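Asker: All chains, full assembly: derive it from the sequences and hints.
Going line by line, the protein sequences match chains H and Y. Here the working numbering is used: the first residue of the first sequence is 1, the next is one more, and so on. Here the working numbering is used: the first residue of the second sequence is 1, the next is one more, and so on.
By construction, these hints were calculated from the structure, which means they are not laboratory data. One or more hints might be untrue.
Identical copies carry no separate label here, and so any pair may be met within one copy or between two of them.
To be verified - Using 25 Å as the maximum straight-line C-alpha spacing, the simulated PhoX-like pairs for lysine-lysine come out as follows:
1. K85 <-> K333
2. K157 <-> K49
3. K232 <-> K333
4. K204 <-> K305
5. K157 <-> K146
6. K305 <-> K49
7. K172 <-> K150
8. K232 <-> K294
9. K146 <-> K305
10. K246 <-> K232
11. K204 <-> K294
12. K157 <-> K115
13. K204 <-> K285
Just so you know, these numbers come straight off a predicted model, no measurement behind them.
2 protein chains.
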Amino acid sequence: MSPRFVLLAVAAAASLATMGTLRAQAAEPIQPIVPAQQVNLGMVELGKKLYFDPRLSKSGFISCNSCHNLSMGGTDNIKTSIGDKWQQGPINAPTVLNSSLNLAQFWDGRAADLKAQAGGPIANPGEMAFTHTLAIGVLESIPAYKREFKQVFAKDKIDIDQVTLAIAEFEKTLVTPNARFDQWLLGRKDALTADELAGYNLFKTSGCVACHNGPAVGGNSFQKMGVVAPYKASSPAEGRIAVTGKDADRFNFKVPTLRNVELTYPYFHDGAANTLPEAVDVMGKLQLGKTFTKDENGKIVAFLKTLTGDQPSFTLPVLPPSSDATPRPTPFK
Amino acid sequence: MSPRFVLLAVAAAASLATMGTLRAQAAEPIQPIVPAQQVNLGMVELGKKLYFDPRLSKSGFISCNSCHNLSMGGTDNIKTSIGDKWQQGPINAPTVLNSSLNLAQFWDGRAADLKAQAGGPIANPGEMAFTHTLAIGVLESIPAYKREFKQVFAKDKIDIDQVTLAIAEFEKTLVTPNARFDQWLLGRKDALTADELAGYNLFKTSGCVACHNGPAVGGNSFQKMGVVAPYKASSPAEGRIAVTGKDADRFNFKVPTLRNVELTYPYFHDGAANTLPEAVDVMGKLQLGKTFTKDENGKIVAFLKTLTGDQPSFTLPVLPPSSDATPRPTPFK
Numbered sequence: 001m002s003p004r005f006v007l008l009a010v011a012a013a014a015s016l017a018t019m020g021t022l023r024a025q026a027a028e029p030i031q032p033i034v035p036a037q038q039v040n041l042g043m044v045e046l047g048k049k050l051y052f053d054p055r056l057s058k059s060g061f062i063s064c065n066s067c068h069n070l071s072m073g074g075t076d077n078i079k080t081s082i083g084d085k086w087q088q089g090p091i092n093a094p095t096v097l098n099s100s101l102n103l104a105q106f107w108d109g110r111a112a113d114l115k116a117q118a119g120g121p122i123a124n125p126g127e128m129a130f131t132h133t134l135a136i137g138v139l140e141s142i143p144a145y146k147r148e149f150k151q152v153f154a155k156d157k158i159d160i161d162q163v164t165l166a167i168a169e170f171e172k173t174l175v176t177p178n179a180r181f182d183q184w185l186l187g188r189k190d191a192l193t194a195d196e197l198a199g200y201n202l203f204k205t206s207g208c209v210a211c212h213n214g215p216a217v218g219g220n221s222f223q224k225m226g227v228v229a230p231y232k233a234s235s236p237a238e239g240r241i242a243v244t245g246k247d248a249d250r251f252n253f254k255v256p257t258l259r260n261v262e263l264t265y266p267y268f269h270d271g272a273a274n275t276l277p278e279a280v281d282v283m284g285k286l287q288l289g290k291t292f293t294k295d296e297n298g299k300i301v302a303f304l305k306t307l308t309g310d311q312p313s314f315t316l317p318v319l320p321p322s323s324d325a326t327p328r329p330t331p332f333k
Numbered sequence: 001m002s003p004r005f006v007l008l009a010v011a012a013a014a015s016l017a018t019m020g021t022l023r024a025q026a027a028e029p030i031q032p033i034v035p036a037q038q039v040n041l042g043m044v045e046l047g048k049k050l051y052f053d054p055r056l057s058k059s060g061f062i063s064c065n066s067c068h069n070l071s072m073g074g075t076d077n078i079k080t081s082i083g084d085k086w087q088q089g090p091i092n093a094p095t096v097l098n099s100s101l102n103l104a105q106f107w108d109g110r111a112a113d114l115k116a117q118a119g120g121p122i123a124n125p126g127e128m129a130f131t132h133t134l135a136i137g138v139l140e141s142i143p144a145y146k147r148e149f150k151q152v153f154a155k156d157k158i159d160i161d162q163v164t165l166a167i168a169e170f171e172k173t174l175v176t177p178n179a180r181f182d183q184w185l186l187g188r189k190d191a192l193t194a195d196e197l198a199g200y201n202l203f204k205t206s207g208c209v210a211c212h213n214g215p216a217v218g219g220n221s222f223q224k225m226g227v228v229a230p231y232k233a234s235s236p237a238e239g240r241i242a243v244t245g246k247d248a249d250r251f252n253f254k255v256p257t258l259r260n261v262e263l264t265y266p267y268f269h270d271g272a273a274n275t276l277p278e279a280v281d282v283m284g285k286l287q288l289g290k291t292f293t294k295d296e297n298g299k300i301v302a303f304l305k306t307l308t309g310d311q312p313s314f315t316l317p318v319l320p321p322s323s324d325a326t327p328r329p330t331p332f333k
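Answerer: In C-alpha cells, the structure reads:
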C-alpha cells in the first residue's frame with residue numbers, strides 16, 4: 001500500500017467515524033454545551049464588574065453575585081434568597097449558568113431575555129431595593145466607570161440599557177461546556193461509567209427527557225409543577241399565570257436546566273428539595289406517576305452529576321472606587 | 001579607555017546610584033510593600049476557598065469576603081458592617097489588605113495575629129452567627145474539602161485551627177506592592193507629581209507620619225482617637241481598654257494602614273468620614289491641632305492616592321458542593 005493511499009484510507013475512516021458520532025449525537029435528546037461565541041469583550045469586562053458591584057443596591061451590600069454566586073454554581077444554595085434588610089424572597093434563585101439558553105428568564109418567564117432580566121432585581125424592593133435612576137447616579141459619579149462605559153458604548157451618558165446590556169453580555173459567557181456527559185456525546189465513550197449510562201437510559205425511558213432536553217437539559221419550555229399529583233409548594237408563587245393571566249398557566253413554571261444540577265441545590269421553584277435523590281423521587285412521583293427504586297434513583301442521580309461542566313474561570317474583578325461625589329449606600333435606613 | 005575599563009566604570013557608577021537610592025529609602029519613614037514570601041501554596045488555595053465560602057456562616061450568605069471584599073479594597077465600603085439577619089455592626093470593617101503587617105488584629109488589637117482573628121467573625125452572633133463546631137461539621141460533610149484538608153494538613157479530622165491557619169495563610173498573600181509611592185521610594189523619581197510630592201512633605205512635616213509610618217503607613221501602634229480635642233464617635237466602641245482594662249487605653253485604637261486608602265472609605269473606626277478630604281481635615285484638627293488649607297489638604301490627599309498598590313489578582317475560587325449529608329443553612333431561623 002502506498003503511503004498516500006494509507007493516508008487517504010485513514011482520512012476516510014476518520015471521516016466516517018466523525019459522521020457516525022455526529023449521527024449518534026443528533027439522535028440524542030440532549031446536545032453538548034457550546035462555548036460562548038460572538039461576544040463583545042469590552043462589554044463582557046464591564047458587565048463582569050457590574051455583576052460584582054454591590055453599589056447597584058440600596059444597601060451597598062448586595063450584588064448580582066450575592067444570589068447568583070459564581071463560586072457556587074451561579075446560585076446562593078439557599079431555599080429562597082435573602083434581599084435588602086434580610087427580607088425572605090418568595091422563590092429559589094435559579095442558576096445564572098447557561099441562562100442564555102433559556103427560552104425566557106425568571107421561573108415564570110416574565111423577562112424575555114437576560115437584558116430584560118438584569119434590571120429586575122436592582123429595582124425590586126425585596127431584592128436590591130434600589131431604583132434605576134439612583135443606580136445610574138452612582139455609576140455616573142465614578143470616573144473610571146464613566147470612562148469604561150464611554151469606551152464600550154460611545155455615549156456621553158450612562159443609562160440603564162447600557163447597564164443591563166453589559167451584564168447580559170457577561171452572562172452570555174457563563175456557559176459550562178465540557179461536562180463528562182458532553183464528552184460522551186462528543187464521542188469519548190469511556191467518559192461515563194456503566195451506572196451513569198444506565199441512569200441516562202432511565203432518564204430517557206422514564207420520560208424525564210420529555211421536559212429536560214436540549215443543550216441546557218431544560219430551560220426551553222413551561223410545564224405544570226404537579227402533573228400526576230398536586231405539588232404542595234412552600235412558596236406562594238403561582239408561576240406563568242402571573243405573566244399570561246390565563247388560568248391554564250397556574251403552577252406552570254419554566255423547566256429548570258439540569259446542567260450543573262449537582263451544584264444548584266436546593267431544588268424546585270420553592271427550594272423544598274435539599275438533595276438530588278429527593279428531587280428525583282418527587283419528580284418521578286408528581287410528574288411521571290413513577291416510583292423509582294433506590295437503585296434507579298441512584299443511577300439517575302449518577303447521570304445527573306455528569307452534567308457538571310467547566311465552571312466559568314476568570315480573575316475576580318477589581319471595582320473602581322467611588323468618588324467624593326458618589327452617594328453613599330444606606331443599608332440601615 | 002579599554003572596553004573592560006568602561007564596563008567597570010559603568011558598574012561602579014550603577015552601584016553608587018543604587019547605594020544612593022537605598023540610603024534615601026532608608027531615610028524615609030515609609031518603606032515599600034514587599035510581595036508575600038514563604039507561603040504554603042496548598043494552604044493558600046484552601047484558605048482562599050474558605051475565605052469565599054458563606055457556608056461558614058449560619059445563614060449560608062455571609063463569607064469573609066462579604067465584609068472584606070477583595071473587589072473593593074478588602075472592605076465593604078459601608079459605615080459599619082451588616083451581620084447575620086442584617087444586624088448593624090458596631091464598627092467599620094478594616095481592610096484585610098496588608099493586614100499581615102499589623103501589630104495585632106481588630107481595631108482594639110484583641111487578636112494577636114491573622115489566625116487568631118479569623119475565628120472571631122465566624123462565631124460572633126452579630127456577624128456570621130455560627131459556631132466553630134457547626135462550621136467544622138459543614139466542612140467535614142463535604143468530600144472535596146475533606147480531601148483538600150487532608151492533603152494540606154495530613155490529618156484525618158478537620159479542626160478550627162486548620163481552618164483559621166488556612167484563611168490566615170491566604171490573607172498573607174493579600175499585600176499590595178508596586179504603588180506609585182513605592183515606585184518612587186525605589187528610585188523612579190518621576191513616579192510622583194510635584195503636588196503629590198508636596199503632599200508627602202506636608203504629611204511628614206505636619207506630623208501625620210508620627211503614627212502613619214512603616215511599610216503599611218500605619219498598623220504598627222495604638223493611639224488615642226482625639227489627642228488635641230475629643231472625637232465625638234458615632235460608635236460605642238471604646239478601643240483598647242476592652243482588651244487591657246486600663247483606663248489610659250480608653251479611645252486608643254490601632255492606627256489604620258493608609259495603604260489603598262483611596263479604596264477603603266468610609267474612614268475611622270466608626271466610618272464617620274465619607275471622603276479623604278474630610279478624614280484629613282478631622283485628623284489635622286483632632287490629632288495635630290492643625291487646620292490644613294484647602295490647598296494643603298488637596299496635596300495630602302493627592303499623596304495618599306499614590307498609596308494604592310497592585311490589588312490581589314486571582315481566579316474566583318469554585319467551591320466544592322455540599323453533599324446530601326451537609327447541614328443546610330438556616331438564614332431565617
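Asker: Should K146 paired with K305 be assigned to within, between, both, or neither, using CA atoms and 25 Å as the limit?
Answerer: between (43 Å within a copy, 19 Å between copies)
Asker: Treating 25 Å as the Cα threshold, decide for K204 and K294: within, between, both or neither.
Answerer: For K204 and K294, only the intra-copy Cα distance (18 Å) is at most 25 Å; the inter-copy one is 74 Å.
Asker: Given a CA cutoff of 25 Å, do K232 and K333 count as a within-copy pair, a between-copy pair, both, or neither?
Answerer: Between copies only: 22 Å across chains, 37 Å inside a chain, cut-off 25 Å.
Asker: Is it within a copy, between copies, both, or neither that the alpha carbon of K157 lies no farther than 25 Å from that of K49?
Answerer: within (18 Å within a copy, 38 Å between copies)
Asker: With 25 Å as the alpha-carbon cut-off, assign the pair K204 and K285 to within, between, both or neither.
Answerer: Within one copy only: 16 Å inside a chain, 75 Å across chains, cut-off 25 Å.
Asker: If the cut is 25 Å between Cα atoms, do K157 and K115 qualify within a copy, between copies, both or neither?
Answerer: The answer is within: 19 Å in one copy meets 25 Å, while 46 Å across copies does not.
Asker: What label fits K157 with K146 when the C-alpha limit is 25 Å: within, between, both, or neither?
Answerer: Only inside one copy: K157 and K146 sit 8 Å apart there, 51 Å across copies, limit 25 Å.
Asker: At most 25 Å between CA atoms: does that hold for K85 and K333 within a copy, between copies, both, or neither?
Answerer: both (9 Å within a copy, 15 Å between copies)
Asker: When no copy is named, should K172 and K150 be tagged within, between, both, or neither for a Cα gap of at most 25 Å?
Answerer: Classified as within; 21 Å inside a copy, 37 Å across copies.
Asker: Cα distance capped at 25 Å. Does K232 pair with K294 within a copy, between copies, both, or neither?
Answerer: within (23 Å within a copy, 66 Å between copies)
Asker: With 25 Å as the alpha-carbon cut-off, assign the pair K305 and K49 to within, between, both or neither.
Answerer: This pair counts as between: shortest inter-copy Cα distance 22 Å, intra-copy 31 Å.
Asker: Within a copy, between copies, both or neither: where do K246 and K232 come within 25 Å Cα-Cα?
Answerer: Classified as within; 21 Å inside a copy, 60 Å across copies.
The earlier numbered hints are all upheld by this structure, with none contradicted.
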